[in-house]
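Sequence lines, in order, name chains A and B. Per our numbering, the first sequence starts with residue 1, numbered consecutively. Per our numbering, the second sequence starts with residue 424, numbered consecutively.
To be clear, the hints were calculated from the coordinates, so they are not data collected in a lab. As the structure is a computational prediction, the values presented were derived from the model and not from experiment. Cβ coordinates follow ideal geometry from the N, Cα and C atoms, glycine included. One thing to keep in mind: the hints can contain errors.
If the Cβ cut is set under 8 angstroms, some of the chain B residues that face chain A in the computed set are [claimed, not checked]:
(1) 446
(2) 476
(3) 540
(4) 626
(5) 814
There are 2 protein chains.
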Amino acid sequence: MTKQNTKNNAEILCIGTELLLGNIVNSNARWISEELSYIGLEHYQQIVIGDNIERIQKTIIDASKRCRFLIVTGGLGPTPDDLTTEAIASVFKSELKERKEIWIEIQAKLRANGHSPSPSNRKQALMPKEALVIPNPIGTAPGIIWSPLPDFTILTFPGVPSEMKRMWKETAVDWLKSNTNNTQILLSKVLKFTGISESKLAELLEDLMNKKNPTLAPYAGLGEVKLRITAMSETKEKGINLITPLITEIVKRTGETLFGFDEESLSSVVLKLLRQRNETICIAESCTGGGLGASLASIPGASDMFLGGVIAYNNSVKRNLLKVPSQLIQEHGAVSKQVVTAMAEGARKVFGADWAIAITGIAGPGGGTKQKPLGLVYLALTSCEGTKISQLKFDKAKDRQVIQQLSVLRALNLLRLSLISRS
Amino acid sequence: MTKQNTKNNAEILCIGTELLLGNIVNSNARWISEELSYIGLEHYQQIVIGDNIERIQKTIIDASKRCRFLIVTGGLGPTPDDLTTEAIASVFKSELKERKEIWIEIQAKLRANGHSPSPSNRKQALMPKEALVIPNPIGTAPGIIWSPLPDFTILTFPGVPSEMKRMWKETAVDWLKSNTNNTQILLSKVLKFTGISESKLAELLEDLMNKKNPTLAPYAGLGEVKLRITAMSETKEKGINLITPLITEIVKRTGETLFGFDEESLSSVVLKLLRQRNETICIAESCTGGGLGASLASIPGASDMFLGGVIAYNNSVKRNLLKVPSQLIQEHGAVSKQVVTAMAEGARKVFGADWAIAITGIAGPGGGTKQKPLGLVYLALTSCEGTKISQLKFDKAKDRQVIQQLSVLRALNLLRLSLISRS
Chain A
1 MTKQNTKNNA EILCIGTELL LGNIVNSNAR WISEELSYIG LEHYQQIVIG
51 DNIERIQKTI IDASKRCRFL IVTGGLGPTP DDLTTEAIAS VFKSELKERK
101 EIWIEIQAKL RANGHSPSPS NRKQALMPKE ALVIPNPIGT APGIIWSPLP
151 DFTILTFPGV PSEMKRMWKE TAVDWLKSNT NNTQILLSKV LKFTGISESK
201 LAELLEDLMN KKNPTLAPYA GLGEVKLRIT AMSETKEKGI NLITPLITEI
251 VKRTGETLFG FDEESLSSVV LKLLRQRNET ICIAESCTGG GLGASLASIP
301 GASDMFLGGV IAYNNSVKRN LLKVPSQLIQ EHGAVSKQVV TAMAEGARKV
351 FGADWAIAIT GIAGPGGGTK QKPLGLVYLA LTSCEGTKIS QLKFDKAKDR
401 QVIQQLSVLR ALNLLRLSLI SRS
Chain B
424 MTKQNTKNNA EILCIGTELL LGNIVNSNAR WISEELSYIG LEHYQQIVIG
474 DNIERIQKTI IDASKRCRFL IVTGGLGPTP DDLTTEAIAS VFKSELKERK
524 EIWIEIQAKL RANGHSPSPS NRKQALMPKE ALVIPNPIGT APGIIWSPLP
574 DFTILTFPGV PSEMKRMWKE TAVDWLKSNT NNTQILLSKV LKFTGISESK
624 LAELLEDLMN KKNPTLAPYA GLGEVKLRIT AMSETKEKGI NLITPLITEI
674 VKRTGETLFG FDEESLSSVV LKLLRQRNET ICIAESCTGG GLGASLASIP
724 GASDMFLGGV IAYNNSVKRN LLKVPSQLIQ EHGAVSKQVV TAMAEGARKV
774 FGADWAIAIT GIAGPGGGTK QKPLGLVYLA LTSCEGTKIS QLKFDKAKDR
824 QVIQQLSVLR ALNLLRLSLI SRS
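Given these sequences and hints, build the entire structure.
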């Protein structure tokens, strides 16, 4: 036997001049990094290079000496500056062959979207002949899994994040899991919190965070903090036995700030709670302009609980559709406790829902005054038990879209807290 | 004289295990990339590595052979895993010396923020003795500008974006400008298209895409294709003179598929067109649940044109608020040309707007039938001139959120095309 294969690490190579020019942020590298850590694949380096064939070739040769798996994104499109597959094949002296079935599929997809296939699309069906294909269910650029050397495998993905993610989840991740030398398996669970800062959470869990197995890693997102618990063990059962008591302890310490697990979001949790109680919800949005509705509607099956809403951007809409008295708006202004209450109560009547949420505020950049500064937002939640109001004051340095998104999350959380306190 | 200095390119090296774990997105690399392109410094590669001294040393040695300027972020903090300065000094066999004035400044800053200086903070005052200092006006981690080799300079910055940016703008950028051999500047413009595939666009512009200056680079996003034009020239005026006729030619060839430039989006363009005509818009959304409204509302000043809308998820809402006749829904179903028309026309009356857009469809994953399959979406656009209907059939492999987002973009484009055809 020859020297044992000792490399078992991954590197990420993102190809695209748009990344080097700073046109887009490299969100793919972040997403893949997180996925690699879930699988437990070690990952020491990421590289970004442009659409230049010599540099792509050189980088692949160097990477083949350092890593077991090279995850490549970008450069799979139909245009002349899409060079990834060509560069890989030339480095390892493999010929590109057209896969007939892929070319047929590409043409069908283009036609389904109302485009006529062009000769340049044909390039996307060319692959090294030994490569496995990573099907692309939503685009025309399939990827490959190819091991040109015994201890080196390249996986390619398009740069479009939605396509890359689908291909990763549906094909690549299982292949990677079953082709690593890991005798230990990693089991991981993500806990999601809201209404608590990352540093406060870290303080509450300080003693647990020093443990070696399972490990705890918190990180802050917009309006939420995620905590990833990762256990390493020989079997899934042992992993579960390591994680379960830890979760019980964390739940005890963090109380109602813990809102969900893994892929759950505030909207999915709220809809799940409503479904359990067979209750319905409607909304009235001003400064968020539909963002709360879109957040609920993004969850499959939302229509069972979510009846609809009114986007009451203009005051006439508040009066006509939500029956907010003109006098209230004149006396207190559209951004006030009185008006947000009338919006929620009006919506609940109009839609005949069990719950109604209303949002009104000043998302900026214009529209702030001394009495009603930029970043002032009111939320109201109403049900047969009455109305709760919440006043939010966002830092005026936050931009419009952040204020809108945070307002939506706070509104969902207001409903969540009411639902769990009653169950 | 010895061999002339021929390297004149920059590389970016971001140091931090949090980047490799996917805890944060590498926004620093994007920001610095954009800055480098403004200065016209060529930039072929970015690397991300973790807090590991051997890998940092190896990466710096390799980079010193490839690039003239190495821009390093991260690893300047006070904790043991902050290794950047130490690694740089050891590679080039320089001793680290404490800069007294920096240590005094660090202590003063910590005290001003209510912290007492700890011995570990003292590390942040250590620098190679020949290095220039990049002052950090808002944090305790200054950076360095150091040329350990005649044709290689390292610039270091903390990983905290706000500190890095201030230090770049106040010190580094001027130093770089006056120390490059660059007589050329880069000017770039992004054109945005919809309703055309990346490959079709590349075909239309094939002859232009082969030019060396300006260069053209297309890339596909969700529902749009971007085309970046980049010109290199001695002055900004000459750059504009290179780009302007090219844009004119592209506009001629691509017609109404070109919707905007640089930071513009379909929503911002549609709102700009409405503002120019002093016209208003309202919406009625079913399967997108508020996404169209949120997209419009994300643009500052939207409230001048966007009156509001109805999220008519449930059929009772279509009947009660949008006055869609029950009979139409019974006869044709909620997802039909007849109902989408009634939704748009109903909304336009209720809101008294110049324009109304309605969306109804089956975003899935459930709810599809043989007659009305998953991915079937109807759009209607109505104004005083009548109603236009558009039927979309999305590939059923697309997921719910993608179908919702694409439906919103197609609806905005329907309005855009009507607005430009009338102007």
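Hints, verified against the model:
| no. | hint | in the structure |
| --- | --- | --- |
| 1 | 446 | holds (4 angstroms) |
| 2 | 476 | violated (13 angstroms) |
| 3 | 540 | violated (20 angstroms) |
| 4 | 626 | holds (5 angstroms) |
| 5 | 814 | violated (11 angstroms) |
Against the hints set out earlier in the document, violations occur for numbers 2, 3, 5.
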